[in-house]
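Chains as they are written, first to last, in this note's numbering: chain A, 1 to 257; chain B, 1 to 257; chain C, 1 to 257.
Don't take every hint at face value.
As the list claims (entries may be wrong) - Anything over 10 angstroms on all C-beta distances counts as not near chain C; from chain B, calculated:
1) 36
2) 55
3) 64
4) 102
5) 117
6) 166
7) 199
8) 225
9) 257
Unchecked claim - Derived contacts from chain A toward chain B, CB cut-off under 10 angstroms, selection only:
10) 2
11) 10
12) 42
13) 72
14) 75
15) 93
16) 94
17) 148
18) 193
19) 198
20) 199
21) 237
22) 239
23) 243
24) 246
Because the hints were derived from the structure by calculation, they are not lab data.
Small disclaimer: the values here were computed from a predicted structure and weren't measured.
Don't be surprised by glycine CBs; every beta carbon is placed ideally from N, CA and C.
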Amino acid sequence: MKFNNRNVFISKKAQIGQNVKIGDNSSIYDSVIIGDNTIICDNCTIGEPLPSYYSNEEAYINPQTIIGGNSLIRSYSIIYAGCQIGEFFSTGHRVSIREHSIIGKHCRIGTVSDLQGNLKIGDYCWLHSNVHIGQDSKIGNFVFIYPYVVFTNDPTPPSNTLNGPSVDDFSQVAVFSILLPGVKIGKHCLIGAGSIVSKNIPDYQLTLGNPAKIIKDVREIKSRETGTSHYPWPYRFSRGMPWEDSDFDTWQNDKLR
Amino acid sequence: MKFNNRNVFISKKAQIGQNVKIGDNSSIYDSVIIGDNTIICDNCTIGEPLPSYYSNEEAYINPQTIIGGNSLIRSYSIIYAGCQIGEFFSTGHRVSIREHSIIGKHCRIGTVSDLQGNLKIGDYCWLHSNVHIGQDSKIGNFVFIYPYVVFTNDPTPPSNTLNGPSVDDFSQVAVFSILLPGVKIGKHCLIGAGSIVSKNIPDYQLTLGNPAKIIKDVREIKSRETGTSHYPWPYRFSRGMPWEDSDFDTWQNDKLR
Amino acid sequence: MKFNNRNVFISKKAQIGQNVKIGDNSSIYDSVIIGDNTIICDNCTIGEPLPSYYSNEEAYINPQTIIGGNSLIRSYSIIYAGCQIGEFFSTGHRVSIREHSIIGKHCRIGTVSDLQGNLKIGDYCWLHSNVHIGQDSKIGNFVFIYPYVVFTNDPTPPSNTLNGPSVDDFSQVAVFSILLPGVKIGKHCLIGAGSIVSKNIPDYQLTLGNPAKIIKDVREIKSRETGTSHYPWPYRFSRGMPWEDSDFDTWQNDKLR
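Here chain A stands alone, though its shape is the one from the complex:
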């Protein structure tokens, strides 16, 4: 059904791996490198030129863009030149990723999400639909960001200051939360829905409200269903994670060896 090679543009300066599919109406620009077995769906733009392209097209050289192997980029997504993205990447539809976004392996980014560039995301991060990650943000590994979360970066708008938030490994930020500029979230935190976080949060803290306050240790949250805590979540959830075929402790110990 798809992949009819209809109205496809692939630059001669792009390097396309083995067994790659490029969808109809998609454009792959100069200096894009796509790893083996990756699928770029229809109406995508990979290696979108930087703003300087428009001011001097002749002198412009598109920076290298890397999309790792075994990835699935869904339709209408735009990935700018200068991005480096690891293998087993997947996106929803209409994702926008600006230049110089460095993203690890096994990451997922949901429909309509908007990554503003000059940011860093580790491995196995899941960003759901419609998140907005400002420039200068840092996201660790195994981080979940839920829909409509915003990472801000300007402490005194408007200004030329960029001071993005950071979220450390295994933490989660629930729907409609705002991380204010420069805020640092520790490991294994849970930021509740609709929170506005204005202060740094230590590891393992459930944080909630506007302004967000630390409520309790996530290990003390009782599940209504089980009566025990769901957290730290890696002991309860493994789908798509590297400990899927063993368990979290075994995987951690194997890593340390």
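Starting from the known structure of chain A, fit chains B and C onto it as the hints suggest.
This is chains B and C only, laid out in the frame that chain A set:
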């Protein structure tokens, strides 16, 4: 101006009704059935294949997709295979509707809205711009959902549990409200702007805040302009509704006969 | 790389200025006037027909659409017929601008933003990503609107009343704020993140919270870095502003002469 039959793809396995228009650059995939007089604008994708298509293209069979007659799908919208949508449906631009969304007749869904699939919406529902309806959600009839409302479904993220909210007939959810997993909103409710609803709400309740609290019966809300209550709204608003040419009581009585 | 004249549609009834570029897969419809040196990127729709087009294509006449010179419209944007937009306009990707939006010069509108039409925006306004501006809104000059801000307009939903908010010169509205119907924000105000504004706000007020309350005069906000106030911001920020090459007072005095 439009509908120049430029770069259009229509599967031979699709059934296109009488007097249907398909816009430029649009794709209609296998097993799509489009009712009479429906307009699919440009750059749309109808019958988008499910994720399993990418893992085994040869064995894959696209499930049936039904778009009712007299509908208007605006440009850049994506409707997945396996959706069933009633007649007189209309969308804004860039709407995404994932697989197995069951939507009644005379519904409207606004620009950039994202329906995550495996959900059910009744008749005459208006979802405005940029709403996010998670899987397992249930929406009755004559329900209004305003911009940036999110229906969540995972009580202990991340997990494999799906427990979507439900909203019953004639209720409205104002901008930026979050319905937490499994919450049930009754009939004729009004959820105020920016509410986070964590508990079930009985019929006719105005509910507001974070966490949302029941404020009063909607029939007690005094309008600044008229001094009387606007609610229940079907007595004050009929545009596009089945009681448009009579009145709400007459229409209800006719139904009961 | 771009601008290969691939799958481009330009109406014979459009007027295209000198040195204009039209991107691949873009459509320019009847009665569009594009000023000199403007760049329309790929996959854009300029002069999108109004809803009445679909009910009577033969009788329909597309109203005039003006895009000023030296503008940059990024890919996948849709600008409806009947808009008037000044010179040095720029957009992000996937911007939607409905009919009869009147926008001044040197304005910027970010990715995925949704302007619902029948609204007015002055000069040098920056609307960031994913803002939603309802019909009947009024925005002055030098106004900054940050991501996920919503301008609402229906005081008793659903109704046929349209009463949009207004924001006066030099004011800013931070992320995730909601302006309720008919609210008037004065000059040089700062509306903090996540505010729900239900009352008119006089000039120079820092306003915050749900419901939003006036906190203090913006000139009394002490910056953590400098110990002095960043506000009024035109004395601290000039990038892209008409006082960029002199200073705010000089520019103001020159204007008065």
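Consistency of the hints with the structure:
{"no.": "1", "hint": "36", "result": "holds (15 angstroms)"}
{"no.": "2", "hint": "55", "result": "holds (28 angstroms)"}
{"no.": "3", "hint": "64", "result": "holds (26 angstroms)"}
{"no.": "4", "hint": "102", "result": "holds (23 angstroms)"}
{"no.": "5", "hint": "117", "result": "holds (21 angstroms)"}
{"no.": "6", "hint": "166", "result": "holds (20 angstroms)"}
{"no.": "7", "hint": "199", "result": "holds (19 angstroms)"}
{"no.": "8", "hint": "225", "result": "violated (8 angstroms)"}
{"no.": "9", "hint": "257", "result": "holds (27 angstroms)"}
{"no.": "10", "hint": "2", "result": "holds (7 angstroms)"}
{"no.": "11", "hint": "10", "result": "violated (17 angstroms)"}
{"no.": "12", "hint": "42", "result": "holds (7 angstroms)"}
{"no.": "13", "hint": "72", "result": "holds (6 angstroms)"}
{"no.": "14", "hint": "75", "result": "holds (7 angstroms)"}
{"no.": "15", "hint": "93", "result": "holds (6 angstroms)"}
{"no.": "16", "hint": "94", "result": "holds (6 angstroms)"}
{"no.": "17", "hint": "148", "result": "holds (6 angstroms)"}
{"no.": "18", "hint": "193", "result": "holds (5 angstroms)"}
{"no.": "19", "hint": "198", "result": "violated (16 angstroms)"}
{"no.": "20", "hint": "199", "result": "violated (19 angstroms)"}
{"no.": "21", "hint": "237", "result": "holds (5 angstroms)"}
{"no.": "22", "hint": "239", "result": "holds (7 angstroms)"}
{"no.": "23", "hint": "243", "result": "violated (13 angstroms)"}
{"no.": "24", "hint": "246", "result": "violated (18 angstroms)"}
Checked against the numbered hints above, the structure violates hints 8, 11, 19, 20, 23 and 24; every other hint is satisfied.
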